[in-house]
Every structure is written in structure tokens, then in C-alpha cells.
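S.K.: Chains as they are written, first to last, in my numbering: chain A, 1 to 105; chain B, 1001 to 1412.
Take the hints with a grain of salt, since some may be wrong.
[Stated by the list, open to error] The list that follows gives simulated cross-link-like pairs (lysine to aspartate or glutamate, EDC-like), each with its CA atoms no further than 16 Å apart:
no.	chain 1	residue 1	chain 2	residue 2
1	A	K7	A	E88
2	A	K52	B	E1019
3	A	K30	B	D1033
4	B	K1350	B	D1269
5	A	K27	B	E1062
6	A	K6	A	E37
7	B	K1003	B	E1062
8	A	K30	B	D1290
9	A	K27	B	D1033
10	A	K70	B	D1033
11	A	K52	B	E1062
12	B	K1388	B	D1366
13	B	K1350	B	D1368
14	B	K1009	B	E1043
15	A	K27	B	E1029
16	B	K1287	B	D1262
17	A	K30	B	E1040
If you're looking for bench data, these hints aren't it; they were derived computationally from the structure.
Here is what each chain is made of, one letter per residue.
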Amino acid sequence: MDIQFKKGIIEVCVLSELDKEDTYGYKLVKNLSATLEVGESTIYTMLRRLTKEGSLDLYEKESSDGPTRKYYTLTGIGKEKKINLVSEWRSFNVKVNKLLGGYDE
Amino acid sequence: MNKQEFIVKLRSFLRVTTEDENSLVEEYEAFIDEAMANGEAEEDVIANLESPEEIATIANEELGIDSSKKFKDYVDDSFDSMKDGYEKVIDSDFMNNVSESIETALKGVGETLKGLDLSAKISKAMDKVGEELSRVKDINIDATFKDMAMKFDNSKVETFNFDQDELKIDIVDENDDALNVEVLGGTSNIVIKSLPTTLMHTITMDDDGVLKISVPISNIKYAERKRMRVYIPNSVTNLQLTGNVPFSIHDVESSIEVNVGDAPISVKDVEGESVVIRMGNGPLSVKDIDISSLEVELGIGPVSIKSVDGDKGDLTLGNGPLSVKDIDMSVFNINSGNGPITIKNVDGNKHNYSLGSGPITVKEIDLDELTITAKDGLMTMKDITVRKIAGDISGTVKTLKNIDAEEFELNK
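Just chain B, same shape as in the assembly (with noise of 0.2 Å):
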């Protein structure tokens, strides 16, 4: 078992609430990226550790929403507005619509709530109602949600609209080939679980306005091609990513920080502080972008970074294919191995191309400052403005002209 895994697992069986289970698996995840600074392996750490069902069965026992006053305090803090939304949803329309075993799931769980101490059967009714919800194809629930955490099958296509939260899930299964999240905000904390064998997403947002959002890689088979579409609230300061799933990210006004591993990863209409993706390989599509800082680095490409405004820009690619095009950045280093590699249309102060074999094609170029290095493959340059233009190029120089330059020190 791996680290992944193993934090998977050990979600999958704590009862306690969301503050307890984030604060407990981050003390794990430390414990074991300790051990490993320490030259365990990965493996022997985790084999070393209690299992995760010993972990949840102390945990629930001295942390969990089951013993009766943190229970309580629980139910206080967050059932009160969870009863109202059940109970809008047995009102609603949409309870004609559905089968009667879900209403009567429903309705166990609206009599539970009015038992407060009856704990163990509002564990099993929420157990029930997923079951039961899982077999229908749409339902929109209206609800106050704080602090959520259901569980679901996900076998069956799965809808959520928690509208009065802002909050709204669509959850597809894998023949429709796509999981939807949409958080519009006000929400402060979800955790959304299917169980261990099938997908299991942790999605938070913390008072600071960060969004956290992992999906682990054991549980996504690239041959699926799920892809994980986002839409983020203006609350939300920083997005953080991580997993293997592929994500589309577009609309967000937010810094970005994605760490996945191989997995097509489109980010789009961004306007934030920084964009920050650090991935296995790609292929990566950055697009319509407005920051002060874009800092990208991945094995292979495809990359195509395009219409990017900002103050600083760092790209190290492994191998191409790279195509840059739109550009206007004051520093903008651009590192990469084997292309073919084309940048065009870039506007900005100093500009830094470090590049591998080509073909090589840099046009509309319109800088103060341009340094760039090619190692081999035909090169195009051509309609590039600058005061000064320096740097080695190695290869085979196919074309070279409408170069306008104060200082020309490249040597070719």
C-alpha cells in the first residue's frame, strides 16, 4: 500500500468531523514524508503503522461524532440546518418524481434528526441514503450546509444542487466520461466520499479562502478519461490541485497551484495572482491567462501556453511539442528539450529561450531584451524588434531575417 492509498483508506473508515479527519490525515501524511526524509521506504513506513481500520476504530472512539456530547455539539452545529434541507426536499416537487424507497430513506432520516441521540441509526440512514440516491439519475436538493460529509455509490448517475449554499455537485459516472464540480461559494467545508473501491474526491476550502481539491491516483484509470471540470467561487483565493485526473479549470479568479502526475490538464480564463503547474507529463493547455507570475514545469508535451498577460514567466519542459504564442510578459524564461518549438507574437522586457533541437520557430517577437540558446534543428527567426539580441545557435539557421536590433551579439 502507498501513501495515497493508505490516506484513501483511512478517510474511508473515520466517523468524526471533517476538522478532526483533515487535522488527523495531515498528521499522517507528515509522519510519513518524515519517515521517508529519513530513508525509509514508502512501503516499510506504512506497513509499520497501525492499520487504517485500527487508526479509525481509536480515532472514532476518542474523536468521533458518535460519543454522545461531541456528538451533540456536532448535531447542534450542523444537523439543525441539514434538517431543514431534508425536509425541503421531502416538500419539493421533485419527491414526485422519485422512487418511494428514497422517500422513505428521506423520511428515516428526518425522523432520526428528531431523535438526537439515535446516532448510530443517522449513520445508517445517511448510509441508506446514499445507497438509495445513487440509483437516481437526477435530484436537486435545496440545503444550508456548514459542514457536510456523505457518502455515496457512484455507480449510478448522481446529481446535487445544494442551491441555498451555493453549493453544486454534479456527479457523473463513467459513461458519461465526466465528473462535475461546481462550488459557487459560502461553503466552507466539503468532503465528498464514494467508497474506496470506486472514486473518492476530498474537496475543502479553508477561512483563508484556499480550495484544496485531490483526487487519488489509484482510483482513476487514465483509459476512463474522466475529466474534472471546476468552477470556482470569487471566495476562493488559491486553488490548490492534485492527483491524476485530468482537470479543466477555467473562470476562476484565483491563484492556481496544480501538482498532478500524467494527465491532460486544460486551465483556462484566469485572472490571479500566480498560476503555478508542476506535472508529470502533459498535454498541457494554458490559455487566456492574467497574472504576475506563471511558473510551469513538466516532463513531456504537448504544451500550448497562449494569450498570457503577466509579469513573470518561468517554463521548463522536458520535450516538446511547444507552441508559445501571444505573449506579453516583461521576464519570460523558457526552457525546453526537443521541440518542435514555435513562439509567436511576444511582447516584453527580457526574454530568456533556452532551447533543445528544433525545428525551431521564433517570430513577432518585440522585446527590450533577447538571449536565446539553440542547440540543434533548423531555425526560423524572423520580424523580431529588439534593442538587444544575444545567444548561441547551433543548428542548421533556415531563416534569419527582418531582425531589427541595436546590439546583435548571437553567434550562429
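Excised from the complex, chain A in its bound form (with noise of 0.2 Å):
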């Protein structure tokens, strides 16, 4: 798969995870890479630059079994690029679909 490609499938996940609930580096790359295969620091930098960006914010919580975490959480901006991601996303989706021919709108 084409790396920009594979890349901004991957933000979309990210966002989308983070839109469910807010949660903390290592349980976000176990969660993803679980499903796609994706590395760890595909993920970390991604963080590293949306949080840059503005999309998304960090606190610190307490864990019950460990250390204390650092929790990625979304902002209003992130939410409006996850939104609009998943439109194209969705939207783009039905357009490849129809070419092959397997889904009708």
C-alpha cells in the first residue's frame, strides 16, 4: 500500500479512536496496530504532530497499575478534521466500491 495513502487511513483511525475516548500512547499503538499493520512510531509521530497542529491536547492522569499516563484527548479542531476525514473517507470509500463493482450506494 502506498505509504502517503496508508498514512492518512491511519489518521483517521487515530482520530477516530481518540473521538470514542481519551486514552494514553500505549494502549492507542496496541489498539491500532492490532487491527492494521502499522508501527509504533508511525503512530508516536503522528501524535507528536497532531498535537502540534492543534488537534489534539495532553493531561496527565493517575493509573491505578502503573505509572502515571499521559492521555491524548481531542480538540474542537481535531474533531472538525475528524469529521471532514471521515466524510472524504466514507465518501471515497463508496466511489472505489462502485468502480469494482461489490457495493451500490
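Assembling the complex is the task here: the two chains are given apart, and the hints tell you how they should meet.
M.R.: So, in C-alpha cells, the structure goes:
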């Protein structure tokens, strides 16, 4: 799969996961890598970039079974970005499936 | 590869801003810690991660300072001041005394900085400067660096003085048996890297005044007896040290946290909220301390605690020798294994000493309440003034004299 295409998909998935619930890096990496073939470095650098661009924010939370964790949360910018990307992805997905003949709108 | 080695390697390959580097490293440290907390072995966790080179390749591409706009931002933020600094260097008298090759290298950096789009050249030039500077015995650089990352081969003596920014770094090679780092203040973030195969130190100070100094275990051999002397600016409120290099910390007005393995540690002349020292084995020397709380935990001494004023102290020691002298502490709990143990000239309110085998000497004590348990060995107690003394002495009492206690509940 083209690396840029894959990065785009992963970005949607990261934002969607964080839209469901705030979570910490380790858990996010485990969740995503269990479904997608993605290395942790791709996710961590993406989290860093999304944080720097204002789509994500960070806060610390005590853990009952380990050290204090850094939790990622979607900002307003991030929520808007996620909505746009999911919409683009669904639209794109429908069109591709139409072309492939496996799906009717 | 263990966690420490993995992080050292990762840092060495990263070509991103210091903030990005620290953020990524923190995430990887957290990942490894989480996996280990879930029962995975350290080596297995690291073996299942991408290699430091692979991670850095992805990160450098995504976040790297070489990429166009990010690099431009980086340059705008920090390289103007860096350029000023280098121009001063080039103009300064010291250049007359150093080799032509260094002058060429530094001018190369100056030229490169004029063309800000030549990012790769800057990177190469910086490496070149590092190589060249390593051949110089004594260099003074005046500069203003807010955020700086430089790489040096410290096979030779290197001295860098960033006086304007009040940062002074002296790195002396193993022949001189010392590494000196002086941070006088004003610098918000400093990372010093040497080649992965030699020595790497990470020094960072965040906006809240927390200064962290980390020296990896694997890169310093105890036998080399290197010692890190740290002079801390007043702007630091909390000093955190990790690593296995011997630390000598003195003249500090901040809280201190030391987490190290087996290494000689010396802490002297400290005024702050707290001093926390957790280490493998000593020797440990704590002297002339004025703080609220003292917490010391280590395996085997020798341990010397002298001239300490504070509200509360906790000392946990596997085995001595232990010497505690000239203490003014309201509450002090000492829990030590075998001696020899000496506790002398102590003032305070409520102290609790739980001691193993002797010989044990407790003398010149002035407290409200003293509870003392000693399991074995020769015990000497004298010149003790307390409202109440209690406890249990199982060993042989060699001397017990001048005990002035309103309530005497000591079993012996």
C-alpha cells in the first residue's frame, strides 16, 4: 500500500479512536496495531504532529496499576478534522466500491 | 539491548527539535514501562519494537528539522541567535589561537546560516564543527542559545562557555578524570550529545524550573571514576538526576531527586524543600543541608549524614557503616542493618532508630522522645537528654551513662 495513502487512513483511525475516548499512547498503539499493519513509530510521530498542529491535547492522569499516564484528547480542531476526514473517507470508499462493482449506494 | 541503551540509540539518530525528541522518548519510555508492567521482559519488549534507526527515520521525515517549513521555523526561532554567537566567535581573539581548520569550519557554519534553505549543509557543518572543536584544548564561545543541540566527539578536552546565556559547559576527557557541567541560568533547554559509543548526557530544564540530568549507565565504566559536578542556578526549583555516574552536587538552592545505581554520591550545601536520594550502594555523603524533608534509601554504605537541619527525615539503609552527626531534625526515622553505626549530636522532637548489629554509638542526644531498637552488638549510649526513652536493646550494652529521661521504658 502506498505509504502516504496508508498514513491518511491511520490518521483517520487515530482521530476516530480518540473521539471514542481519551487514551494513552501504549493503549492506542496496541489497539491500532492489532487491526492495521502499522509500526508504533508511525503512530507516535503522528500523535506528536497532531498535538503540535492543535488537533490533540495532552493531560496527565494517575493510573491505579502503574505510573502516571499521558492521555491524548481531541480538541475542537481535532473533532472538526476527524469529521471532515471520515466524510472524505466514506465518500471515497463508496466511489471506489462502485468502481469495483461490489457495492451499491 | 536494554531500555537505557535503546533510548540512547534513539536519541542519537533523531534529527528533530529538542521538544519533539523529548516527547518521543517519553512515549517510548512509557511504552516499555507499560509493557513491562504487563509482564513482558525488557529485552522482549525492545526486540518487538522497531529499531531506533527505523523509528528515527520515520520521525525525522515527519517531524524533522530538515523538512522545509519546520526547518524554517526552527531556524527563525534559534539560529539567528546562534549566528550572532558564531560571528562573535569568529571575531573574537581566541580565533587567533586555534587552528585554521576550526576557523574554516566555523565560517562554514556562518556561510551556511546565511542560506537558510541549505539545511543539510548546516547539519553537516555542525558535525564538522563538533569534530574540529574536539581537537581544541580550550575554547570560549559567547552566544545566546534558547534551544541548542550539538554533537561532539569528546575524545579530547572540550570547554564551552556560553556566558551571555549564562550557560557554561566544561567537558573534560577521561584523562582528566572529570566531567564538569555548569548551568548558570537563563537557558531553557539544553541537550548535549556525544557519540553513542562514548558518553551521552541529557540536560533539560523545563519552564517550571525542573532541571533533569541523565547519564546512561552503559556508557560510563565505574573504574574510570568519572565524576559529574553540577552547579545549579537559582532558577532551578527541582533537580532530578539519574544514571550511574558519580555525582557531586553542591551549592544548590532547589529540591533534589537523585535516582542512581551504584556510584559515589556527594550532596553538600543545599537549601530547598526536599532532598530525595534513592540509590543502589554508596558511598553517600550528605552534608550542610537545610531543607524541610530528607529521604534517603540505599543498599550498602558507607553513609555519612552531617549537619542537617529539617522537619522530617527518613533514612533506610541495608548495611552500614553509618555516621549521622550534627542533626537538628524534628522527626527522624533511621532504619539500618548492620553497623558500625554512630549517631551523635542530635536535636529534635521525636526520633525512631531501628538498628541492626553494632558496634553502635548513640550520644549527645537532646530530644522529646527517642525510641531505639538495636538487635545485636556492642551498644554505647551516653549524654542523652529526653522526656521519654523507649525501645529494646538485645545486644550487649557496653556503656550506658548520663541518661536523663523523665520516662524510661528501655528494655535491655
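S.K.: Please go over all the hints and tell whether each is borne out by the structure.
M.R.: Results of checking the hints against the structure:
1. A/K7 to A/E88: At roughly 15 Å apart (the allowed maximum being 16 Å), A/E88 and A/K7 satisfy the hint.
2. A/K52 to B/E1019: 10 Å, holds
3. A/K30 to B/D1033: Between A/K30 and B/D1033 the Cα gap is close to 14 Å, so the pair holds against 16 Å.
4. B/K1350 to B/D1269: 25 Å, violated
5. A/K27 to B/E1062: Distance ~22 Å between A/K27 and B/E1062 Cα, so the pair is violated.
6. A/K6 to A/E37: 9 Å, holds
7. B/K1003 to B/E1062: 24 Å, violated
8. A/K30 to B/D1290: Cα-Cα ~47 Å, so violated.
9. A/K27 to B/D1033: Cα-Cα ~12 Å, so holds.
10. A/K70 to B/D1033: Holds, because 13 Å separates the two Cα atoms, which is no more than 16 Å.
11. A/K52 to B/E1062: 12 Å, holds
12. B/K1388 to B/D1366: 11 Å, holds
13. B/K1350 to B/D1368: 6 Å, holds
14. B/K1009 to B/E1043: 15 Å, holds
15. A/K27 to B/E1029: 14 Å, holds
16. B/K1287 to B/D1262: Status violated; Cα separation ~19 Å.
17. A/K30 to B/E1040: At roughly 14 Å apart (the allowed maximum being 16 Å), B/E1040 and A/K30 satisfy the hint.
Against the hints set out earlier in the document, violations occur for numbers 4, 5, 7, 8 and 16.
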